[in-house]
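J.: Chain residues, written in single-letter form:
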Amino acid sequence: MTAVLHVLPYLVAAWVFLAGAYGLATSRNLIHAVGCLSVCQAATYVLLLAVGYRDGATAPVFSDMAPGTRPVVDPVVQALALTDVVVGATVTALLLALVVQVAKRHGTVDPDELTELRG
Amino acid sequence: MHRLLPLLVAVPLLGAALLAALGRVLPRVVAESVGCAVSAGTAALAVVLLPHSSPPLVEWAGGWEPVRGYGVGIVLVGDGPGLGMAALVSLLTLAALAYSWRSFDEPPHGHTGAFPALMLLFQAGMCGFAIAGDLFNAFVWFELMGVVAYALTGHRVEEARAVQGALTFAIVNSLGGYALLMGIALLYARTGELAMAEIGRGLDAGGPPDALVLAGFVLVLTGLLVKAAAVPFHFWLPDAHAVAPTPVCMLLSGVMVQLGVFGVWRIHGTVFSGPGGLPAGDVERVLMVLGAVTAAIGALMCWYQRHIKRLLAYSTIAHTGLFLLGVGTLTPEGDDGVALYVIGHAGVKAALFACTGILLDRFGSVDEHVLHGRAGALRGVAVMFAAAALGLAGLPPFGTALGKSVTEEAVGGPLTVLYVVVSAVTAGAVLRVAARVFLGLGPRPREARGEDAYETTGNGEEPETEQRLVRVPDTMTAVPALLLAGALAAGAVPGFADAVARAMSEATTAGLVHTSVHWTPVGIVLGLVSTLLAVGLAAVAVTRPELLAPPARALPLRRLQSGHVGDYVAWLLVGTTVLGVLALPAVLTG
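Protein chains in written order, with the numbering used here: chain P, 1 to 119; chain R, 120 to 709.
Treat the hints as calculated values from the structure; they're not laboratory data.
Please read all numbers here as calculations on a predicted model, not as lab measurements.
Built from N, CA and C at the ideal position, the CB exists for glycine as well.
Since no wrong hints were added, every one of them can be taken at face value.
Quick partial rundown of chain P residues pointing at chain R, CB under 10 Å, derived from the structure:
no., residue
1, L95
2, A97
3, H106
Please take these sequences and the hints and turn them into a complete structure.
T.: Below, the structure is given as C-alpha cells:
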C-alpha cells in the first residue's frame, strides 16, 4: 500500500501533463488552449512538491519552532515551485494578450481557421 | 575577475529596466542609443572576460558557497564556450539594435523605450543561459529568453500573421520548457542537487542509469531540442521566423536556436556523460538520428519556399541538424568544429536576414516570385546577399567552411555526403533567390493553383520602416557588411580557430586533450564542391524551373507544416516518445 502511495504523486503528475497536452492538441479554442498549457504546468507543481515530501514532516517555517526539533519538507522545491508560478503567470498573461490580438486581426479564436502560415 | 561574471546578466537587465521606466520621456534617439551602448558594454565585458576563462571562472551568487559538499546557492560558470556564446549573443544584439537604429517604424507615443528594452531583456536571458552552471537557473533563463522572444515576434501586433506566429511559438516552446522543468525535478529527486556538476557527481554515485535517469534525460532533451528546432520539434520555427521583425530574426536564427544545441552539449557534458549518466553509444544514436533527419528535412523544405524569410528559417533548421550531428560525435574535434560553425553561421545568417529586411522595407514584399527582377538597383545588397549565400555553402575561407570541414572530419563516413548536400541545397536556394530577385534571370515562375498552392507567399508583408525606403540608410547596409566580415574573419584570421579549440578543450577536458584545428586539403575541396553544387542547383532552378520544382510527392511533407498549433503539440509528444525509444537500450542493457 505504501509503495502505491509513494508512486501515486508521480503518476498524477504524468497524467495531468498528458491531459493538458491532449487538450492542447485537440483544442478548438485558443483561450481553452492557453488553459490547457496551464494544466501542463500544474503537473510540474505536483511533481516538484511530491519530490520534496517527507513522511511526518511539517512546513519549513521556523517562526514557532526551533530548527532541528522536528523534520520539515524540502524547502528548495517549494522555492522552485514559487519561481515556476511566476514564470507561469508571465507566460499566461502574454499568451492571453496574443489571443486577444489574434481575435482582433483574424476575427476568430479557432485554430482550425488560422490558415495563413503553412507549407 | 569572477566577481564580474553576474554583470553579464545584470547590465542588460538594468538597462532594460531603465529604458522601460524612462521610455515615456526619453526621445527616440536617446532610447535607442542607450540600448546600443548597454549591449555594446556587455559585449565588451564578455570579450574582456574571455581570456581569463582558463581555468573557468566560477561565481556562487551572493557568496552562497557549498558547505561540506552540499550547496543551495546558485553557481555561474564562465568557461570558454559559455563566455564565447555570451559574447556572440551580445555582439549580435548590438548588430540588431544598430540595424534598427532610427530606421524602424516610429513607436507609439510614450513607448520609445519598449523595443530596445525588450532586446536587452532578450540579451540578458541568452547570456544568463550561456553562463548558467545551475540547472534550475538554466530553466529560468530559458523561459526568460523564450517569453521575451514571443513578445518580440509578435511585436507588430497589428499584423495578423505576426500574432499567429508568436502564439504558436509561445505555446510550443512553453510546453517544451515545462518538459525541461519536469526533467530537472526528476534529477533533483535522485541527487538532491541543482548545480549541473553536482548532479553529474550525484548520478555517478548512484550506479548505472535506471528508468528515472532515462526519463530525466528524455524530458530535459525535449525542452532543449524544442528550442533548437530539431525535427519533429521544429514546426514553430518557420512560422515564427517568417513573421518576426528583421532584427529579431537575426537573433532568433543567429544565436537563440544555437543556444538550444549549446544546452544539449553543456547538460550532456556535465550531467549525463559519467558512468551514472547515459552510455555514450545511446546518446550518440539519439543525436545522430535526430540530427540527420533534421538536416535532410530542413534542406528539402528550404528548397520549396518562396517566402524568403521562411526559406532562411528552414535553412537554419537544416544547419541545426548539422550542428547536432557534430555534437553527437561526442568527440573534442566535433565540439571544436560545431563551435566554429556556429560562429560563422551566426554572421552569415544574420547578414542574410539583414539583406532580406532591406528588400522588405524597399519593396513591401519578401516573395521570391513577386520580387522577380525588381531589386536590380540595389547592387551592394545583391553582392552581400550572394556572398552570404556562398558562405552558407561553405566557401573557404568563411568561418562556416572551416567549421564545416572540421565537423565533417569528426563525423566521417557517409555522413560527410549529408554535410555537402545539405549546405549545397540551402545555399542553392538562397542563390536562386539572389539570381531571380537581383538579376531577374530566368522566366518569371508560374503561380501554383489549387492543391499545389499549399504554401506561404511573402507578399503583403508590411514594411518595418515608417514608409517604404527610397534610399537605404547606411546603418542597414553597414551591419550586414560587418557581419559578413566577421564570418570571414572567423575562418581566415590565423590563430582564431586554435583559440576556439583551446577554449573548448579547457571546458571539456580541463585542457588535457589538445586538438589542432586547421584547414585541410580535403576540407577545402569539399567546401568548393558544395559551393559549386549550390551554384549549379541555383542555375538549373532559374533556367529550367520545372526540373527542380516541388513534385506532388512532396505535398504530404509540406502538409505537415499546417500552421495548426494542436498538430505541433502532437508532434512534440511524438518526438519525446521517439527520444525515449532511441535511448531505451541504455537502461535495458544496463
